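Asks: Those sequence lines, one after another, are chains S and Y. Its first residue numbered 0, the first sequence is counted upward by one per residue in numbering that gives the first Met the number 0. Its first residue numbered 0, the second sequence is counted upward by one per residue in numbering that gives the first Met the number 0.
Keep in mind that the hints were calculated from the coordinates and are not lab data. Please read all numbers here as calculations on a predicted model, not as lab measurements. Check each hint, because a few of them may be wrong.
[To be verified] Keeping only pairs whose Cα atoms sit at most 30 Å apart, straight-line, the calculated DSS-like set for lysine-lysine is:
| # | chain 1 | residue 1 | chain 2 | residue 2 |
| --- | --- | --- | --- | --- |
| 1 | Y | K292 | S | K9 |
| 2 | Y | K292 | S | K12 |
| 3 | Y | K149 | S | K6 |
| 4 | Y | K149 | Y | K277 |
| 5 | Y | K83 | Y | K288 |
| 6 | Y | K288 | Y | K149 |
| 7 | Y | K242 | S | K311 |
| 8 | Y | K292 | S | K6 |
| 9 | Y | K288 | S | K399 |
| 10 | Y | K288 | S | K9 |
| 11 | Y | K242 | S | K6 |
| 12 | Y | K83 | Y | K292 |
| 13 | S | K309 | Y | K242 |
| 14 | S | K399 | S | K12 |
| 15 | S | K399 | S | K6 |
| 16 | Y | K288 | S | K12 |
| 17 | Y | K292 | S | K399 |
| 18 | S | K12 | Y | K149 |
| 19 | Y | K242 | Y | K149 |
| 20 | Y | K83 | S | K399 |
| 21 | S | K9 | S | K399 |
| 22 | S | K279 | Y | K149 |
| 23 | S | K9 | Y | K83 |
| 24 | Y | K288 | S | K279 |
| 25 | Y | K288 | Y | K277 |
[As the list claims (entries may be wrong)] Some chain Y residues well away from chain S (every beta-carbon gap over 12 Å; in silico):
| # | residue |
| --- | --- |
| 26 | I137 |
| 27 | L150 |
| 28 | S166 |
| 29 | G247 |
| 30 | L286 |
Using N, Cα and C, we set each Cβ at its ideal position, and we do this for glycine too.
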Amino acid sequence: MRLIVTKRVKPLKFGGIIIPFLSIVVGIFLATIALYGLAHVPPLLVYSAIGQSLISPQMLQTFVMLTILGVALIIPFNAAVWNIGAEGQIIWGMIMSAFIGLTVAVRYIIVSPSDLPKYTNMPGMFVLPTPTVSGAYAVEALTMNPGTAICLMLIVAGIAGAVWALIAGLMRAYLDIDEVATTLIMNYIAYYAYNYIVYGPLQGITISTSGFGLSNALHPALRFSRISTATTATWEGVALMIAIFAIAWFVLRQTTFGLRLRILGSNPQVLRAAGINVRKYIVLALTISGAIAGLVGTILFAGNLYQLIKIKTITTPPTHNIGYTAILVSWLSMLDIRGVPIAAYIVASLFQAGINLQSSLGGVSGGSAMISSGALTYVLIGFVLTTFTVLRVFAEYSIKVVREGR
Amino acid sequence: MDAGLIAIILGVGPAFAAYYLTAIGHGLFEKSGILNLAIDGVFTVGVAVAYVAALFAGTAVAGSVAALVVAVAFGLLIAYLATKLPISHGAIGLSIMFVGYGLAALIAVPIRSQINAVVSYPMNVGVDVAFIIFSIVIGVLVHYMLSRTKLGAAIRAAGENPHAASSLGVNVLRVRLIAGMLGYALIGLGASFYFLAYTPAPYSEGMGMGQGWIAFAISLSAGRHPILTILSALVFAELLYNKFVLQGYLGLSVHITKMIPYLAALVAMVIFMVTPLKRKLAPPRALGKIYFKEERTV
Numbered sequence: 000m001r002l003i004v005t006k007r008v009k010p011l012k013f014g015g016i017i018i019p020f021l022s023i024v025v026g027i028f029l030a031t032i033a034l035y036g037l038a039h040v041p042p043l044l045v046y047s048a049i050g051q052s053l054i055s056p057q058m059l060q061t062f063v064m065l066t067i068l069g070v071a072l073i074i075p076f077n078a079a080v081w082n083i084g085a086e087g088q089i090i091w092g093m094i095m096s097a098f099i100g101l102t103v104a105v106r107y108i109i110v111s112p113s114d115l116p117k118y119t120n121m122p123g124m125f126v127l128p129t130p131t132v133s134g135a136y137a138v139e140a141l142t143m144n145p146g147t148a149i150c151l152m153l154i155v156a157g158i159a160g161a162v163w164a165l166i167a168g169l170m171r172a173y174l175d176i177d178e179v180a181t182t183l184i185m186n187y188i189a190y191y192a193y194n195y196i197v198y199g200p201l202q203g204i205t206i207s208t209s210g211f212g213l214s215n216a217l218h219p220a221l222r223f224s225r226i227s228t229a230t231t232a233t234w235e236g237v238a239l240m241i242a243i244f245a246i247a248w249f250v251l252r253q254t255t256f257g258l259r260l261r262i263l264g265s266n267p268q269v270l271r272a273a274g275i276n277v278r279k280y281i282v283l284a285l286t287i288s289g290a291i292a293g294l295v296g297t298i299l300f301a302g303n304l305y306q307l308i309k310i311k312t313i314t315t316p317p318t319h320n321i322g323y324t325a326i327l328v329s330w331l332s333m334l335d336i337r338g339v340p341i342a343a344y345i346v347a348s349l350f351q352a353g354i355n356l357q358s359s360l361g362g363v364s365g366g367s368a369m370i371s372s373g374a375l376t377y378v379l380i381g382f383v384l385t386t387f388t389v390l391r392v393f394a395e396y397s398i399k400v401v402r403e404g405r
Numbered sequence: 000m001d002a003g004l005i006a007i008i009l010g011v012g013p014a015f016a017a018y019y020l021t022a023i024g025h026g027l028f029e030k031s032g033i034l035n036l037a038i039d040g041v042f043t044v045g046v047a048v049a050y051v052a053a054l055f056a057g058t059a060v061a062g063s064v065a066a067l068v069v070a071v072a073f074g075l076l077i078a079y080l081a082t083k084l085p086i087s088h089g090a091i092g093l094s095i096m097f098v099g100y101g102l103a104a105l106i107a108v109p110i111r112s113q114i115n116a117v118v119s120y121p122m123n124v125g126v127d128v129a130f131i132i133f134s135i136v137i138g139v140l141v142h143y144m145l146s147r148t149k150l151g152a153a154i155r156a157a158g159e160n161p162h163a164a165s166s167l168g169v170n171v172l173r174v175r176l177i178a179g180m181l182g183y184a185l186i187g188l189g190a191s192f193y194f195l196a197y198t199p200a201p202y203s204e205g206m207g208m209g210q211g212w213i214a215f216a217i218s219l220s221a222g223r224h225p226i227l228t229i230l231s232a233l234v235f236a237e238l239l240y241n242k243f244v245l246q247g248y249l250g251l252s253v254h255i256t257k258m259i260p261y262l263a264a265l266v267a268m269v270i271f272m273v274t275p276l277k278r279k280l281a282p283p284r285a286l287g288k289i290y291f292k293e294e295r296t297v
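Looking at chain S on its own, in the form it has when it is part of the complex (with noise of 0.2 Å):
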């Protein structure tokens, strides 16, 4: 039996809808048996936790997120240049949030207990929930307009997703160092620097967060406001994720911009032979990247968690490995930012059902509770993956199968 492996005429009519939605089905099978065969977990259990998440207004803030992170890979991804590395760059923009958003836009009083009832009703003051070293509060007073500190928290964030993506861009456009490895590996150097800083500089100064691997909490009028209790997901998120969408859409398509970024993923010798400084469109499709994934840090540190806390085991980041997760997003929009938003969705039921998932297996025997939500996600994730990188041959190309000895 051989395979005989044919490039189509024409790419495989609807062959953008049929091979996603085939992969995800295909992918949760495999994860299905993965997760059975392994770890006893009951596959209805698995389907039931994928069915509840895709309804769960709780997955609406990833769903947000992931769109933004679908349109910041998908630009490199046009371009053939694989940004891995935007966990480390939400990371910075998270750092660089709470630098901002818990030094610069605030300043700390600190008040004897006895004082402590006329500044917990004054208005503009935020009162740390439990007390200093020495014994007094610590009551956090704007230094700023709420409106002006949000923005500057999202361009301090922006700029610094933007310079960590630029080393490695520029070690790819001069040095030629792949930059799936050095996107990845810088990813580590960000996690192991946020520990430092959260044990270090921007550690708490109360008896609960200093040297526990723990900030102070944002001041609540620095907050985004959420859309209603029952999810996380904020106005400012998805007002970013329309206009960072809208804008992306409009360069990728609409602009020479655009254009020759997606010619540097389809055919770079034509730009050379155009006279276009190709290294400069690496740098940029990297940087640009960077910078819309170090805005998530923000959406996630001033929507989500309004607190650095440190990184416990490298596979339980603050992001829940988001970054990566978003690569399964562009990949299956099969980078065409039309189809990240559909893609968003799907890949943010599967990350909530990794939760759900993960809250449900209490009841498993042998010790299957265990098991991190990350861990089941990658799970879910991976198998998808791969089912899809396989099958999207058949976009583009027809294989059969034949008998031996005709």
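Fit chain Y to the supplied structure of chain S, relying on the hints for placement.
Replies: The following block gives chain Y in isolation, referenced to the frame of chain S:
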């Protein structure tokens, strides 16, 4: 020199063996022209399998054998898919990396939460020396195989120009499957040594994650040359093995010492690319390129 100091110097043996074997396995596989981005995921699986198998069999050797077998299965799968189908090497590698991260937790975490024990290789200077000698012997054998044998020539040909190799009678698929098998056997062995000899602690989820990338950088910074890799692996192993020394004497934070190997990995890759090493030890020309023969059976 007193015995204590010798013990400290040779104590790097298990760490060296783990990183060195993984790095030369990676280099061997990439010599055949397949971009190997699945390394970290399979390394993580290798650690999980080594832990479980050693625990159940009661001997560390069983852990190494099991990790080797599982890693070989992954290697064959990657080599087959990347050669047989016009598929992006980067995409299949990263996808399998994610599968690996997930499977490692499924394999080891349930066991860990029921049994609180670790079976590992004995720890003494003699064993440390044995690890160093064993891994260097393997390295020399790999070097000999790649540079002096027919199979080595075929692997290099498949990596430089698979189309030309094929028309000269090399079965590219078979050669790449062999490279995938041998390369991943070494990666599985390295992963098992990482856990069973270098850091035998009760398993925790994510053990081994990121170490595969360090091995990736070790291999890359030595131009995938098995003998030169001895040097780069030794530097990295010393950095990792002596992290507490760095912490103590230089007063560095624990977070910074954990970061150093990754920084060193970046620096090593830069050094390799800016020095004449790059030209002398150029990567295989067909590395990561899709191998597709138009309108023909493959």
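Asks: For each hint, tell me whether it holds in the structure or not.
Replies: So, going through the hints one by one against the coordinates:
no. : hint            : result
1   : Y:K292 / S:K9   : holds (18 Å)
2   : Y:K292 / S:K12  : holds (24 Å)
3   : Y:K149 / S:K6   : violated (33 Å)
4   : Y:K149 / Y:K277 : holds (26 Å)
5   : Y:K83 / Y:K288  : holds (13 Å)
6   : Y:K288 / Y:K149 : holds (23 Å)
7   : Y:K242 / S:K311 : holds (19 Å)
8   : Y:K292 / S:K6   : holds (10 Å)
9   : Y:K288 / S:K399 : holds (23 Å)
10  : Y:K288 / S:K9   : holds (23 Å)
11  : Y:K242 / S:K6   : violated (53 Å)
12  : Y:K83 / Y:K292  : holds (10 Å)
13  : S:K309 / Y:K242 : holds (21 Å)
14  : S:K399 / S:K12  : holds (18 Å)
15  : S:K399 / S:K6   : holds (11 Å)
16  : Y:K288 / S:K12  : holds (27 Å)
17  : Y:K292 / S:K399 : holds (15 Å)
18  : S:K12 / Y:K149  : violated (46 Å)
19  : Y:K242 / Y:K149 : violated (42 Å)
20  : Y:K83 / S:K399  : holds (13 Å)
21  : S:K9 / S:K399   : holds (17 Å)
22  : S:K279 / Y:K149 : violated (44 Å)
23  : S:K9 / Y:K83    : holds (21 Å)
24  : Y:K288 / S:K279 : holds (24 Å)
25  : Y:K288 / Y:K277 : holds (19 Å)
26  : I137            : holds (24 Å)
27  : L150            : holds (24 Å)
28  : S166            : holds (18 Å)
29  : G247            : holds (17 Å)
30  : L286            : violated (10 Å)
Hint compliance for this structure: hints 3, 11, 18, 19, 22, 30 are not met, and every other hint is.
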